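Chains A and B are the protein sequences, given in the same order. Residue 41 in this note's numbering sits at position 41 of the first sequence; the count goes up by one each step and never skips. Residue 102 in this note's numbering sits at position 102 of the second sequence; the count goes up by one each step and never skips.
Simulated from the structure, these hints should not be mistaken for lab results. Keep in mind that this is a model prediction, so the values were computed, not measured. Possibly wrong hints are sitting among the right ones.
Derived pair list, reagent style DMTMM-like, types lysine to aspartate or glutamate, alpha-carbon separation capped at 20 Å [stated by the list, open to error]:
1) B:Lys37 - A:Glu98
2) B:Lys37 - B:Glu15
3) B:Lys71 - B:Glu5
4) B:Lys99 - A:Asp88
5) B:Lys42 - B:Glu79
6) B:Lys109 - B:Glu2
7) B:Lys99 - B:Glu5
8) A:Lys41 - B:Glu56
9) A:Lys41 - B:Asp49
10) B:Lys99 - A:Glu52
11) B:Lys99 - A:Glu59
12) B:Lys58 - B:Glu79
13) B:Lys42 - A:Asp88
14) B:Lys99 - B:Glu2
15) A:Lys20 - A:Glu52
16) B:Lys42 - A:Glu52
17) B:Lys68 - B:Glu56
18) A:Lys64 - A:Glu22
19) A:Lys55 - A:Asp65
20) A:Lys41 - B:Asp17
21) B:Lys99 - A:Glu63
These stretches of chain B come out as covered by chain A in the derived footprint (C-beta under 8 Å, 3 or more residues) [unchecked claim]:
22) 44-55
23) 99-106
Where a beta carbon is used, it is the ideal one built from N, C-alpha and C, also for glycine.
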Amino acid sequence: GAVVSQHPSRVICKSGTSVKIECRSLDFQATTMFWYRQFPKQSLMLMATSNEGSKATYEQGVEKDKFLINHASLTLSTLTVASAHPEDSSFYICSAREQGPGSPLHFGNGTRLTVT
Amino acid sequence: GENVEQHPSTLSVQEGDSAVIKCTYSDSASNYFPWYKQELGKGPQLIIDIRSNVGEKKDQRIAVTLNKTAKHFSLHITETQPEDSAVYFCATHTGGGNKLTFGTGTQLKVEL
């Protein structure tokens, strides 16, 4: 089946530093990837839609200068949390679609970010 | 925009019993309805999905039913096992077919 790999699984960083999270589709090409944020015991909140070769589309309220998304190839999207602060601590999850709209969405195993 | 409600928020069943989780949605244009299982510290895993042209789909102990007229769909798990314990999310496909809108999740606990 389709596998989405996300790295790192956990990261602890100091306030003010930047953190990069990678999302790879291992056995399929993904023209579109999605980045979610999840707080404890809550649902997934879509942050942005990452399109290969073009700018990401951000959801309302998500700061594009804080959460930088790059989708340089059909198998890799990265999320960089710039100048992270404690309030950015969260569980970040990426997902990728096998084909076009309406096809199944597969998720990575998430990245637990803790900013001290 | 789409609004997806999911009930119950928590569900405890005895091993071997059935579990049912229900979701309602607001956008009549929604046409794809997946269910995800999320274990602690992991990403959601797709367990079953259904499209709007089908009323029911079954995969071993898991089934999903869809009522488009009433705009609700349900996940049914039979013969529950302890390893079924997890958080389950329903979702609908919206935004011109590009986005998923998730329900609020159900914490299922299967007790021995």
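Going down the list of hints, with the structure as the test:
Of the supplied pair hints, the one linking lysine 37 of chain B and glutamate 98 of chain A holds, its CA atoms being roughly 19 Å apart against a limit of 20 Å. Between lysine 37 of chain B and glutamate 15 of chain B the CA atoms are separated by roughly 18 Å; this keeps the pair inside 20 Å, and the hint holds. Between lysine 71 of chain B and glutamate 5 of chain B, the direct Cα distance comes to roughly 11 Å. Compliance with the 20 Å bound is thereby established for this hinted pair. Between the alpha carbons of lysine 99 of chain B and aspartate 88 of chain A the distance comes to roughly 23 Å, so the proposed pair goes past 20 Å and is violated.
For the given pair, lysine 42 of chain B sits about 24 Å from glutamate 79 of chain B by alpha-carbon distance, which is inconsistent with the 20 Å threshold. Restraint check for lysine 109 of chain B and glutamate 2 of chain B: the C-alpha separation of about 28 Å exceeds 20 Å, so the hint is violated. Taken as a hint, the lysine 99 of chain B and glutamate 5 of chain B pair is honoured in the structure, with Cα atoms around 17 Å apart against an allowance of 20 Å. Distance hint between lysine 41 of chain A and glutamate 56 of chain B is unfulfilled; the C-alpha atoms sit about 29 Å from each other, more than 20 Å.
Between lysine 41 of chain A and aspartate 49 of chain B, the direct Cα distance comes to roughly 23 Å. Violation of the 20 Å bound is thereby established for this hinted pair. For the given pair, lysine 99 of chain B sits about 16 Å from glutamate 52 of chain A by alpha-carbon distance, which is consistent with the 20 Å threshold. With a C-alpha separation of about 11 Å, the suggested pair lysine 99 of chain B and glutamate 59 of chain A falls inside the 20 Å cut-off, and the hint holds. Distance restraint check for lysine 58 of chain B and glutamate 79 of chain B: the Cα-Cα separation of roughly 14 Å lies within the 20 Å cut-off, and the hinted pair is therefore satisfied.
Between lysine 42 of chain B and aspartate 88 of chain A the CA atoms are separated by roughly 19 Å; this keeps the pair inside 20 Å, and the hint holds. Distance check on the hinted pair: lysine 99 of chain B and glutamate 2 of chain B sit about 10 Å apart at the alpha-carbon level, within 20 Å; holds. Simply put, lysine 20 of chain A and glutamate 52 of chain A have alpha-carbon atoms about 18 Å apart, close enough for the 20 Å limit, and the pair holds. A threshold of 20 Å between alpha carbons decides the hint, and for lysine 42 of chain B with glutamate 52 of chain A the separation of about 25 Å lies outside it, so the pair is violated.
Taking the CA atoms of lysine 68 of chain B and glutamate 56 of chain B, the gap is near 11 Å; set against the 20 Å cutoff, the hint holds. Between lysine 64 of chain A and glutamate 22 of chain A the alpha-carbon distance is near 17 Å, which keeps this suggested pair within the 20 Å criterion. Of the supplied pair hints, the one linking lysine 55 of chain A and aspartate 65 of chain A holds, its CA atoms being roughly 12 Å apart against a limit of 20 Å. Restraint check: the Cα-Cα separation between lysine 41 of chain A and aspartate 17 of chain B comes to about 25 Å, which exceeds 20 Å; the hinted pair is violated.
Simply put, lysine 99 of chain B and glutamate 63 of chain A have alpha-carbon atoms about 19 Å apart, close enough for the 20 Å limit, and the pair holds. A stretch counts as covered by a chain when three or more of its residues have a beta carbon under 8 Å from one of that chain; for the stretch 44-55 of chain B and chain A the count is 5, and the coverage holds. Counting residues of the stretch 99-106 of chain B whose CB lies closer than 8 Å to any CB of chain A gives 6, which reaches the minimum of 3, so the coverage claim holds.
Checked against the numbered hints above, the structure violates hints 4, 5, 6, 8, 9, 16 and 20; every other hint is satisfied.
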